[in-house]
Every structure is written in structure tokens, then in C-alpha cells.
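J.: In case you want the letters, here they are:
2 protein chains.
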Amino acid sequence: MRYELYYWPTIQGRGEFVRLALEEAGAEYADVARGLAGEDEGEQELVRHLEDDRLVTPPFAPPFLKAGDLVIAQTANILLFLGRRHGLAPRDEAGRLWTNQLQLTIADAVVEVHDCHHPIASSLYYEDQKKEARRRAEDLRARRLPKFLGYFDQVLARNPRGPGHLVGGRCTYADLSLFQFVAGLRYAFPKAAARLLDSRPRLVELHDRVAARPRIAAYLASDRRIPFNTQGIFRHYEELDE
Amino acid sequence: MRYELYYWPTIQGRGEFVRLALEEAGAEYADVARGLAGEDEGEQELVRHLEDDRLVTPPFAPPFLKAGDLVIAQTANILLFLGRRHGLAPRDEAGRLWTNQLQLTIADAVVEVHDCHHPIASSLYYEDQKKEARRRAEDLRARRLPKFLGYFDQVLARNPRGPGHLVGGRCTYADLSLFQFVAGLRYAFPKAAARLLDSRPRLVELHDRVAARPRIAAYLASDRRIPFNTQGIFRHYEELDE
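Just so you know, the sequences run in chain order A and B. In this text, residue positions in the first sequence follow the working numbering: the first is 1, and each later residue adds one. In this text, residue positions in the second sequence follow the working numbering: the first is 1, and each later residue adds one.
Keep in mind that the hints are not guaranteed to be accurate.
Identical copies look the same in the list; a pair holds intra-copy or inter-copy alike.
Below, a list of computed lysine-lysine pairs in the DSS-like style, where the Cα atoms sit at most 30 Å apart [stated by the list, open to error]:
id : residue 1 : residue 2
1  : Lys191    : Lys147
2  : Lys147    : Lys66
3  : Lys131    : Lys147
4  : Lys66     : Lys191
5  : Lys131    : Lys66
6  : Lys66     : Lys130
7  : Lys130    : Lys147
These are computed hints drawn from the structure, not numbers from a lab. These numbers come from a predicted model, not from an experiment.
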């Protein structure tokens with residue numbers, strides 16, 4: 001089956017967690033809004049599908065994935081679906097729930113990273129909430145990131161199959177997402193990330209192991225991988241990194 | 001099976017979405033931290049389980065549910081599990097994914113309501129981020145709540161089985177959660193909620209229909225239902241409601 005992924009064409013954003021799973025699965029997919037002539041056309045096409053009022057299961061927001069008759073939204077939900085179809089999660093109930101639980105925890109961390117540059121409103125420019133962003137970033141660096149990274153580090157340490165993966169002995173979509181989270185932190189907060197990762201080598205090793213997987217390595221080297229930038233979730237603003 | 005729910009003993013919080021599902025299912029469960037002599041003992045017991053370093057699938061935060069050998073965390077993940085076990089979601093893949101998608105969208109809305117009184121940091125008192133909270137609440141009332149409520153209203157309107165439920169023709173955990181979201185908004189933002197719900201009677205009808213379900217009605221009338229208060233997610237601060 002050829003999937004259709006609908007996401008903003010110029011950022012990694014939440015769509016990137018889905019792109020990584022599709023790439024690792026070797027799935028055939030169209031990144032619909034990126035396939036069009038210009039950025040504007042891509043965004044218009046995305047919005048047209050988002051606002052299609054014939055849909056009985058409408059998405060609230062991108063990303064969403066068309067898989068035959070299914071239209072699936074919410075990143076963790078798309079990954080639950082893809083994980084099952086493409087062996088990117090265990091088949092048994094306990095393993096599936098655990099993978100989903102980790103993904104939802106990564107999603108929570110992603111919201112906090114986003115809100116650190118937009119603590120007041122997504123509808124306002126960063127420049128209009130810079131003072132508040134500075135305060136929130138301070139808490140993110142000092143309390144929240146250590147808590148999240150410490151947690152994932154512990155999960156790796158406690159895995160009975162070894163610290164090579166979050167879940168069992170094989171790569172799951174949670175590993176791919178944790179790779180993306182670590183990569184994003186390094187881009188957005190080079191100083192804080194270096195400090196935080198220095199004492200947690202398991203996270204760096206997981207990042208490197210995922211990056212070296214043949215399909216992921218090929219993807220990262222291709223122009224399908226949009227570079228990090230200051231429109232996405234992970235944004236580098238020097239004043240938020242100390 | 002007798003479940004054990006672990007959540008903070010004095011607030012509805014995220015645990016309430018799980019409590020509602022357990023109550024609607026007529027499931028036997030212990031609300032562990034509430035079953036103890038005092039609040040302090042309850043919290044200590046909760047934290048002791050949260051920090052149990054023998055757990056190979058540790059929760060990041062409450063709520064979490066023990067079901068036999070399983071320890072399941074993340075509200076939407078617990079509901080995915082309970083929905084399947086207790087007929088609170090469709091059995092087919094498309095229906096399960098759609099219910100999960102709606103639950104994740106409710107979860108997103110819940111984060112935004114929480115962050116409206118804590119836009120800078122959960123570790124700080126409300127009083128230390130009051131000015132920022134006022135700004136964020138303004139955006140929540142003017143843009144985000146209309147968007148979320150408009151979305152759920154549309155989902156009800158488009159349901160081929162009629163606007164009585166979010167998913168198909170039966171009550172799912174997503175209905176229970178939307179009930180809780182509407183109830184919470186009415187407590188936290190009586191003025192704004194009245195205004196926003198006035199033009200969306202389908203949401204009020206869904207709220208009332210869930211509240212009238214025999215098991216839910218019995219629960220709401222019992223002392224198992226903790227009243228809304230200003231320690232939970234939905235908090236009433238007059239200055240945030242206009």
C-alpha cells in the first residue's frame with residue numbers, strides 16, 4: 001500500500017516522527033505537501049484535506065496519514081498503526097502498550113520543548129513572548145529536560161534485553177522518536193544538551209545506533225530530510241540556551 | 001480482575017479520565033492513594049510505587065494502573081487498554097484508532113488548560129506566573145477553546161450514527177473524557193464556557209447524556225468523585241475567566 005502523509009512542507013515538526021517510521025519500514029509513501037511545485041501550493045493542499053468536510057474522522061491538526069480508506073491523525077496514533085503493520089513494535093499487548101506509553105511520554109516532552117519558545121500562544125510571534133520564553137526555557141533546562149532524559153536513560157538501563165533499545169531487543173518506533181528528540185535538543189540547545197547528555201551516554205549511543213541504521217542513514221543523507229530550522233518545534237535561539 | 005489505580009489522592013486531574021472509565025465499566029478497583037488513612041500516607045504510597053526501581057516498565061508520572069502483571073501509564077494508553085477489555089471502544093482497528101485519536105486530542109486540550117494557569121513552570125506557584133497566565137488565558141478563551149470545542153462539535157455532527165456519541169452508536173471512553181472536559185471548563189471558566197457552549201448544544205447534550213448514565217450518575221453522586229478544586233488541572237481563578 002502507498003501511504004499519503006500530510007504535513008507542513010518546510011519543517012520537521014511532529015511529522016518527522018512519522019517520516020522516520022515510514023523510512024525505517026521501507027514503506028512507499030508520498031509526502032503530499034512536499035511533492036508539489038511550491039511551498040504555498042503544498043500548504044494549500046494540506047489545508048484543503050484538513051478542512052475536507054466530507055471526512056467523518058477529521059484530523060484536528062497535521063500530521064495525518066491516509067492508508068487506503070483510513071485517515072489517521074495524532075502522531076502517537078499514527079505510529080501505533082504503523083508499528084503494528086511494519087513490525088516496529090512488539091506484537092503482544094504488553095509490548096504494544098509499553099511502546100505506546102514511551103511514545104506518549106516523548107510527545108509530552110515535545111510539547112514542553114515547543115512551549116518553551118511559545119509559552120503564551122502559538123498564534124503570537126516568538127518576539128512577542130521572548131521574556132516569558134526565557135523564563136520557561138530556564139525551567140526546561142534546569143528541571144524538565146533532566147527529568148525526561150533521566151527517565152529515558154533509566155528505561156534503557158532497566159531493559160532486560162540490554163540498553164540498546166527502549167523496548168525489548170529490537171528497534172521500535174519509540175527508539176526512532178527518541179533519536180529525533182535527542183537530535184532536536186542538540187540543535188536547539190547545543191550547550192544544555194551537551195551538558196545533559198554528557199552524563200547519560202546510553203542516550204547518545206541510542207541516537208548514534210538509530211542514525212546508523214541503513215534506511216535511516218540513507219534518509220538523513222537525502223533531501224527528504226528537512227534541516228532543523230527556526231520554524232519547527234526544536235528551534236535554536238541563543239538566548240534560550242545557557 | 002481487581003485493578004489498582006495510582007493517582008494523587010486529592011485532585012481529579014488526569015486520573016479522573018481513568019476513574020470515569022473504570023466506573024462506567026463497573027470494574028473492581030482500588031484507588032490506592034485514596035484508600036489510605038491520610039493524604040500524606042496516600043501520596044507517599046503513590047511515590048513509593050512511582051519510584052520502584054525494580055519496575056522494568058516504569059511510569060514517568062501518575063496516573064498508572066496495575067492490572068495483574070501489567071503496569072500501564074499515560075492516560076490515553078490506560079484508556080486504550082481499558083476500552084478494549086471493557087467494551088468502551090469499537091473492536092475493529094479503524095474504530096479503535098479513531099477513539100484513540102479523539103482521546104489524544106482531548107489530552108492536547110487538557111495540557112493547554114493546565115498550562116493556562118502554569119504557562120512558565122509547574123514547579124512555580126500560580127502566584128509567580130499570574131501575569132503570564134492572564135495573557136495565556138486570553139488566547140485560550142479567544143482562540144484555542146473555540147477551536148477544540150468547534151472540532152468536537154463537528155465530530156458529533158458528522159457521526160453517521162448520529163450526534164449522540166463521538167464514535168459510532170455507543171458510549172466510548174472518548175465520550176466519558178469529553179464529558180469531563182466540558183464539566184472542567186464549566187468549573188474553571190464559568191463565563192467563557194457558557195458563552196462557548198451556548199452555540200454548541202451538541203456538546204452540552206453529550207455532557208448531560210454521559211452524566212445521566214446510571215453508573216456515572218452513581219459515581220458523581222458518591223464521595224469517590226473528588227470535587228473540582230484549585231489544585232487540579234481545571235482551576236477556577238476569576239481573573240482568568242472573562
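J.: Now, for every hint given, state plainly whether the structure supports it.
T.: How the hints compare with the structure:
For the homomeric pair Lys191 and Lys147, the shortest alpha-carbon distance inside one copy (17 Å) is at most 30 Å, but the shortest distance between copies (37 Å) is not. In this homomeric assembly, Lys147 and Lys66 come within 30 Å of each other (Cα to Cα) only across copies, at 23 Å, whereas the closest approach inside a single copy is 35 Å. Taking identical chains as interchangeable, the C-alpha atoms of Lys131 and Lys147 lie at most 30 Å apart whether they share a chain (24 Å) or sit on different chains (27 Å). Proximity of Lys66 and Lys191 under a CA criterion of 30 Å is satisfied in neither setting, with 39 Å inside one chain copy and 39 Å between copies.
Taking the closest pair of Cα atoms, Lys131 and Lys66 never come within 30 Å of each other, the shortest separation being 40 Å inside a single copy and 43 Å across copies. Taking the shortest alpha-carbon separations for Lys66 and Lys130, neither the intra-copy value of 37 Å nor the inter-copy value of 43 Å comes in at or below 30 Å. In this homomeric assembly, Lys130 and Lys147 come within 30 Å of each other (Cα to Cα) both inside a single copy, at 24 Å, and across copies, at 25 Å.
Consistency with the previously given hints fails for numbers 4, 5 and 6, ordered from lowest to highest.
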